[in-house]
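Go ahead and model the full structure; you've got the sequences and the hints to work with.
From first to last, the protein sequence lines are chains A and B. Heads up: the first sequence begins at 1 in this note's numbering, then just goes up one per residue. Heads up: the second sequence begins at 1 in this note's numbering, then just goes up one per residue.
I should point out that these hints are in silico values taken from the structure, not numbers from a laboratory. These numbers were taken from a predicted model, which means no experiment stands behind them. Beta carbons: idealized from backbone N, C-alpha and C, even for Gly. Heads up, a few of these hints could be off.
Example chain A residues on the side facing chain B (calculated, C-beta under 8 Å, incomplete) [to be verified]:
| id | residue |
| --- | --- |
| 1 | F45 |
| 2 | P61 |
| 3 | G62 |
| 4 | G106 |
| 5 | S107 |
| 6 | L111 |
Coverage of chain B stretches by chain A, computed from C-beta distances (three or more under 8 Å per stretch; other residues unrestricted) [claimed, not checked]:
| id | segment |
| --- | --- |
| 7 | 41 to 47 |
| 8 | 102 to 110 |
Using C-beta positions, here's what the derived DEER-type ranges look like [claimed, not checked]:
| id | chain 1 | residue 1 | chain 2 | residue 2 | range |
| --- | --- | --- | --- | --- | --- |
| 9 | B | T110 | A | G98 | 31 to 37 Å |
| 10 | A | Q41 | B | M54 | 27 to 33 Å |
| 11 | A | G98 | B | D55 | 22 to 28 Å |
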Amino acid sequence: KAGVTQTPRYLIKTRGQQVTLSCSPISGHRSVSWYQQTPGQGLQFLFEYFSETQRNKGNFPGRFSGRQFSNSRSEMNVSTLELGDSALYLCASSLTPGRDEKLFFGSGTQLSVL
Amino acid sequence: GESVGLHLPTLSVQEGDNSIINCAYSNSASDYFIWYKQESGKGPQFIIDIRSNMDKRQGQRVTVLLNKTVKHLSLQIAATQPGDSAVYFCADVFSGSARQLTFGSGTQLTVLP
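Dropping the structure here:
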């Protein structure tokens, strides 16, 4: 069974641009969460989607958005990139958004903003 | 805000010794805790979890201890192996909330030959 797949693996953008990251969950998993990982702030929750609906959102500005498609694949978008958006963006999937459901993480997309 | 923190950023142990990684949490409403392992270039990998109605849970070579009185949990790794070298994170989930993991800052475990 394939794991969580994130594309691209690496991305370099400049300030002011926008970026779209993609996540394909494990087959059968319907819940997708996104996390930002930086050396200074650690792992921080961005948002979670289930059945194409955002269920929960972390404390990030509106420049960060996401969506989920009917096949459970998810994308996140960051507009008007800032230097501080440089981070590893991790996607995680689970069967459902149940609190005790185990999260399976992808290897992430490393975003560098120059 | 609430935070889950780790006491030590780095830990070095000899191969074959036991490792103990500590974590403090601040939200008394947290009722579910998870330990993750993250190897270089990979995403976090689930190790073991524990609910607040338990104080100990054992897995394969790993044990998690939870002390709700002092809001502390620990991860014990028995007979540490080179493959255990990684960053270890604890995370908690607030009771009654939609799932939103709050991660600690992580401890880098290095296993010495």
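Outcome of the hint check:
Below 8 Å, beta-carbon pairs count as interface contacts, and A/F45 has one with chain B at about 5 Å; its hint therefore holds. Contact between A/P61 and chain B, as hinted, is not supported at the beta carbon level, the nearest pair being about 16 Å apart and thus beyond 8 Å. Evaluation of the A/G62 hint against chain B yields a violated restraint, the C-beta minimum of about 18 Å exceeding 8 Å. For A/G106, the interface hint holds, since its Cβ comes within 8 Å of a Cβ in chain B; the closest pair sits about 5 Å apart.
At its closest, the beta carbon of A/S107 sits 5 Å from a beta carbon of chain B; the interface hint therefore holds under the 8 Å criterion. Proximity of A/L111 to chain B is violated relative to the hint, the smallest CB-CB distance being about 15 Å (cut-off 8 Å). Given as covered by chain A, the segment 41 to 47 of chain B passes the check, having 6 residues with a CB less than 8 Å from a CB of that chain where 3 are the minimum. With 5 residues having a Cβ less than 8 Å from any Cβ of chain A, the segment 102 to 110 of chain B passes the three-residue criterion, so the hint holds.
In this structure the supplied range 31 to 37 Å holds for B/T110 paired with A/G98, their Cβ-Cβ distance being about 35 Å. Range check, A/Q41 to B/M54: about 30 Å between beta-carbon atoms, so the 27 to 33 Å window is met. In this structure, A/G98 and B/D55 meet the distance hint of 22 to 28 Å, their C-beta atoms being roughly 23 Å apart.
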